[in-house]
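Enquirer: Residue numbers (our numbering), protein chains in the order written: chain L, 897 to 1204; chain W, 897 to 1204.
Because the hints were derived from the structure by calculation, they are not lab data.
One should not assume that every hint holds.
No distinction is drawn between identical chains; accordingly, a pair holds when it is met within one copy or between any pair of copies.
[Stated by the list, open to error] For lysine to any residue, the following SDA-like pairs were computed, each having C-alpha atoms within a straight-line distance of at most 25 Å:
(1) Lys1194 x His1105
(2) Lys1102 x Leu1123
(3) Lys1191 x Ala1084
(4) Lys1039 x Glu1185
(5) Lys917 x Glu1080
(6) Lys1102 x Ser989
(7) Lys1089 x Glu1125
(8) Lys1191 x Phe1152
(9) Lys1089 x Gln1033
(10) Lys1089 x Asn998
(11) Lys1036 x His984
(12) Lys1146 x Gln1202
(13) Lys959 x Lys1172
(14) Lys1089 x Glu1124
(15) Lys1102 x Asp1051
(16) Lys1146 x Gly1079
(17) Lys1088 x Arg1189
(18) Lys1194 x Met1034
(19) Lys1096 x Ile1201
(20) Lys1088 x Gly1106
(21) Lys917 x Glu969
(22) Lys1039 x Ile1201
(23) Lys1172 x Asn1004
(24) Lys1039 x Gln1076
(25) Lys959 x Asp1055
There are 2 protein chains.
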Amino acid sequence: MSKLVIVGTVAFDAIETPFGKTDKILGGAATFIGLAASQFDVDSAVVSVVGGDFPQAYLDLLKDRHIDISGIEMVKNGKTFFWSGRYHNDMNSRDTLATELNVLADFNPVVPQNYRDAEIVMLGNLHPAVQIGVLDQMDKKPKLAILDTMNFWMDNALDTLHEVIKRIDVITINDEEARQLTGEYSLAVAAKKIQNMGPKYVVIKKGEHGALLFNGGNAFFAPALPLEEVFDPTGAGDTFAGGFAGYIAKTGDTSFENIKNAVIYGSTLASFCVEKFGTERMLSLSQDEIAKRLKQFKDLTQFEIQLT
Amino acid sequence: MSKLVIVGTVAFDAIETPFGKTDKILGGAATFIGLAASQFDVDSAVVSVVGGDFPQAYLDLLKDRHIDISGIEMVKNGKTFFWSGRYHNDMNSRDTLATELNVLADFNPVVPQNYRDAEIVMLGNLHPAVQIGVLDQMDKKPKLAILDTMNFWMDNALDTLHEVIKRIDVITINDEEARQLTGEYSLAVAAKKIQNMGPKYVVIKKGEHGALLFNGGNAFFAPALPLEEVFDPTGAGDTFAGGFAGYIAKTGDTSFENIKNAVIYGSTLASFCVEKFGTERMLSLSQDEIAKRLKQFKDLTQFEIQLT
């Protein structure tokens, strides 16, 4: 088993969907990534920052999942990062109602000493300079560094983003962002161009349309499970990343064949995430339920045409 | 091997894409369906209508592919159905520049006597009353009747559409049409509702996002191949349907497992169709190329997670 370092937000979310509305609940990229990765019982640490208003109960909840939280700085007189959004009826688009950076504005990540030798590093969506700061603290180049990012950094910090992209092995990015980053409409061409920027593996997330993995001349596709009901999409992308990183940390295998499996595990966990508000479903998830859903994924995609 | 009856348009298309422009070339749903099905060397007949302006060379081209054309009526003093469209830069949306029904306006399909016992009937997109007319001419209920339709008939002939949907076994429909037909956003729920309308199998086409197959509690997903270049999407949906129907006609097997394979063959042939204008690519396609692409589909989707 490999050590896994996760950097990203630990935050409050307030969510409105056609099905209901929450007060401030536990959210943040690193939270979703950590909870998903913890399904594999890996040795992981979350590096983040929260304010004095962040409940000890939420930190305990991460600790209870065997996540090292010594890298979560608490700024006593600061406020925790807060995001609020409202999903439209189709659940595929949303309006951001509020983004309060608070303590995140001055976040200087510090990787705990005993995780600086981690083989797997998962850089959740944050300013690319912060992501670089984490890579710089590692004793040596990790076996696999995984980057999540978004269009906001393409608009506002493109040069720094290119710097971090040069240094990582896997990028997870959504389809529109892949197009924006490369100026190419074809995802196959976009993935080639992104590989030329540095990462060996390019994972393009297409939401309800699944995820594509590119590596050299190889391509792999994982569909999203056709769900009867999507209750709350918040955190699905991060849960995908966490399942992906957690599976690789557990197996220690970074071959294309195993990265394919990691994509399937990521999709599987993401399919649970959207069933309830926020982190709720991830906290009640059993290994048996995961195994059943993996079987659904297998049934959904496997066929038996004999090739000559 | 089963006999296959195909009903649909045989037409002229004029196409503009960002890559170029055609004069009037061979088009029409039944043309694309027939050419795709002919890859399986099945005993098929096209039922359609053309005008006196339709070149004998085009008819010969179908005959050369062993397609029975005795059911293609020629109205000497009429003009052939004509469609013209312009694709936008993303190739996912298009403007219709012209639709001239011409001889199609009074089309009364006549199924050749020696195909009235066909086991497989493929009803290409046409007025649902015409589709019913074909079913009524069959000696008995076919083993598998496949229906393609579109939103236009939902807007303009919904009751008749429901009548034909009640009588068929497989419907192929795109995602937005499935939503319109059922009023459900979730494709899983929409597919259930459509099954309640009659068809055992529901195939939802999502264009560049692949195709979903639903049958009772079973679901199967075939991705679209991530192509570097889509040259002309015209006929891709019909080519999918033709590959689907042709494979079933060849194998005579209507089990869920085999219908899955039919979806893969349909997707495979559709991935070729878009590589050149109109029917061009389908006419130059070799069995070896098809086998290679099937292998690409297998590589794209198969994974080896051991389930416990």
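Enquirer: All the hints need checking, so say for each whether the structure fits it.
Expert: Now the hints, each set against the structure:
no., hint, verdict
1, Lys1194 x His1105, "both (16 Å within a copy, 18 Å between copies)"
2, Lys1102 x Leu1123, "both (15 Å within a copy, 16 Å between copies)"
3, Lys1191 x Ala1084, "between (28 Å within a copy, 18 Å between copies)"
4, Lys1039 x Glu1185, "neither (30 Å within a copy, 38 Å between copies)"
5, Lys917 x Glu1080, "between (38 Å within a copy, 22 Å between copies)"
6, Lys1102 x Ser989, "both (13 Å within a copy, 18 Å between copies)"
7, Lys1089 x Glu1125, "between (36 Å within a copy, 15 Å between copies)"
8, Lys1191 x Phe1152, "both (21 Å within a copy, 17 Å between copies)"
9, Lys1089 x Gln1033, "neither (28 Å within a copy, 55 Å between copies)"
10, Lys1089 x Asn998, "neither (36 Å within a copy, 47 Å between copies)"
11, Lys1036 x His984, "neither (45 Å within a copy, 48 Å between copies)"
12, Lys1146 x Gln1202, "between (33 Å within a copy, 15 Å between copies)"
13, Lys959 x Lys1172, "within (22 Å within a copy, 57 Å between copies)"
14, Lys1089 x Glu1124, "between (36 Å within a copy, 12 Å between copies)"
15, Lys1102 x Asp1051, "within (20 Å within a copy, 30 Å between copies)"
16, Lys1146 x Gly1079, "neither (36 Å within a copy, 43 Å between copies)"
17, Lys1088 x Arg1189, "between (31 Å within a copy, 20 Å between copies)"
18, Lys1194 x Met1034, "neither (37 Å within a copy, 39 Å between copies)"
19, Lys1096 x Ile1201, "between (30 Å within a copy, 22 Å between copies)"
20, Lys1088 x Gly1106, "both (19 Å within a copy, 21 Å between copies)"
21, Lys917 x Glu969, "neither (29 Å within a copy, 61 Å between copies)"
22, Lys1039 x Ile1201, "between (37 Å within a copy, 22 Å between copies)"
23, Lys1172 x Asn1004, "neither (32 Å within a copy, 53 Å between copies)"
24, Lys1039 x Gln1076, "neither (28 Å within a copy, 49 Å between copies)"
25, Lys959 x Asp1055, "neither (36 Å within a copy, 60 Å between copies)"
Checked against the numbered hints given earlier, the structure breaks hints 4, 9, 10, 11, 16, 18, 21, 23, 24 and 25 and satisfies all the rest.
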